[in-house]
Amino acid sequence: MSITQSNRDIGKLLREAGLRPTRQRMALAAMLFDGEERHVTAEMLYETVQSQNLPVSLATVYNTLHQFTEAGLLREVAVEGAKTYFDTNTSNHYHFLCEESGELMDIEHGEIAIQGLPNVPEGMTVSRVDVLVRLKRAN
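If you read the sequence shown in the working numbering, its first letter stands for residue 346, the second for the next number, and so on.
Take the hints with a grain of salt, since some may be wrong.
[Stated by the list, open to error] No more than 20 angstroms apart at the CA atoms, straight line, and that leaves these computed lysine to aspartate or glutamate pairs for DMTMM-like: (1) 428 / 475; (2) 481 / 445; (3) 428 / 445; (4) 428 / 444; (5) 428 / 448.
[Claimed, not checked] Computed beta-carbon distance windows for the label pairs: (6) 392 / 457: 26 to 34 angstroms; (7) 375 / 477: 23 to 31 angstroms; (8) 483 / 361: 26 to 34 angstroms; (9) 465 / 353: 21 to 29 angstroms.
Bear in mind the hints are in silico, worked out from the structure with no lab data behind them. Just so it is clear, CB atoms sit at the ideal spot from N, CA and C, and this is done for glycine as well.
Let the hints inform the model, and build the full structure from the sequences given.
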C-alpha cells in the first residue's frame, strides 16, 4: 500500500479514534471511509476484500468493524438475529430495510418523529432510539 494523502488522513482518523493504524485497519478503513455513506455487513466487506486480493480474514473484518464501532467510527444496526449492518453515518437517524434484497437505506432526517418515550429507570438515560421500517414490494 503506497502512502498517499488519503492514507495519511485515514491513519490520522484511526489514531484520533484511539486505534493503531495497522495494515488491515487501514485497508478496511479506506473501503469504508471514502467519503460516501454506506451500510455494510461483515460478509459484504469481506467480499470486497476478497475481490481486491487483500490478505484479511473474515474474523479480522468482524473484529475491525466492532473496534471501529466501539471507537465511534461506525454505528451498529441490528436487523434481526445475528444480521448486523455497520453504518458509516453515526448520526442519530433511522432506516428502511428492503426485505427482498436486504438493502438498508437511511430515512431522510425529519421524516419520523419519536414522541412519548417511557420514563427510564433511575440512573439511566436513553443513548439512542432505533427505528427500522421494513419494506416489501406492493402486490
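Q. When you take the CB atoms of residue 392 and residue 457, is the distance between them in 26 to 34 angstroms?
A. holds (31 angstroms)
Q: Please work out if residue 481 and residue 445 have their alpha carbons no farther apart than 20 angstroms.
A: holds (7 angstroms)
Q) Between residue 428 and residue 444, is the straight-line Cα distance small enough, at 20 angstroms or below? A) Distance of about 12 angstroms is within 20 angstroms: holds.
(Q) Please check whether residue 375 and residue 477 have a Cβ separation lying inside 23 to 31 angstroms. (A) holds (29 angstroms)
Q.
Just to be careful, I want the Cα atoms of residue 428 and residue 475 compared with a cutoff of 20 angstroms; is the pair within it?
A. Holds: residue 428 and residue 475 sit about 15 angstroms apart, inside 20 angstroms.
Q | Status of the given 26 to 34 angstroms range, CB of residue 361 versus CB of residue 483 | A | violated (46 angstroms)
Q) At the C-beta level, are residue 465 and residue 353 separated by a distance inside 21 to 29 angstroms? A) violated (43 angstroms)
Q: Please work out if residue 428 and residue 448 have their alpha carbons no farther apart than 20 angstroms.
A: holds (12 angstroms)
Q.
Please verify whether residue 428 and residue 445 have alpha carbons no more than 20 angstroms apart.
A. Holds, because 14 angstroms separates the two Cα atoms, which is no more than 20 angstroms.
Going through the hint list in order, the structure does not satisfy hints 8, 9.
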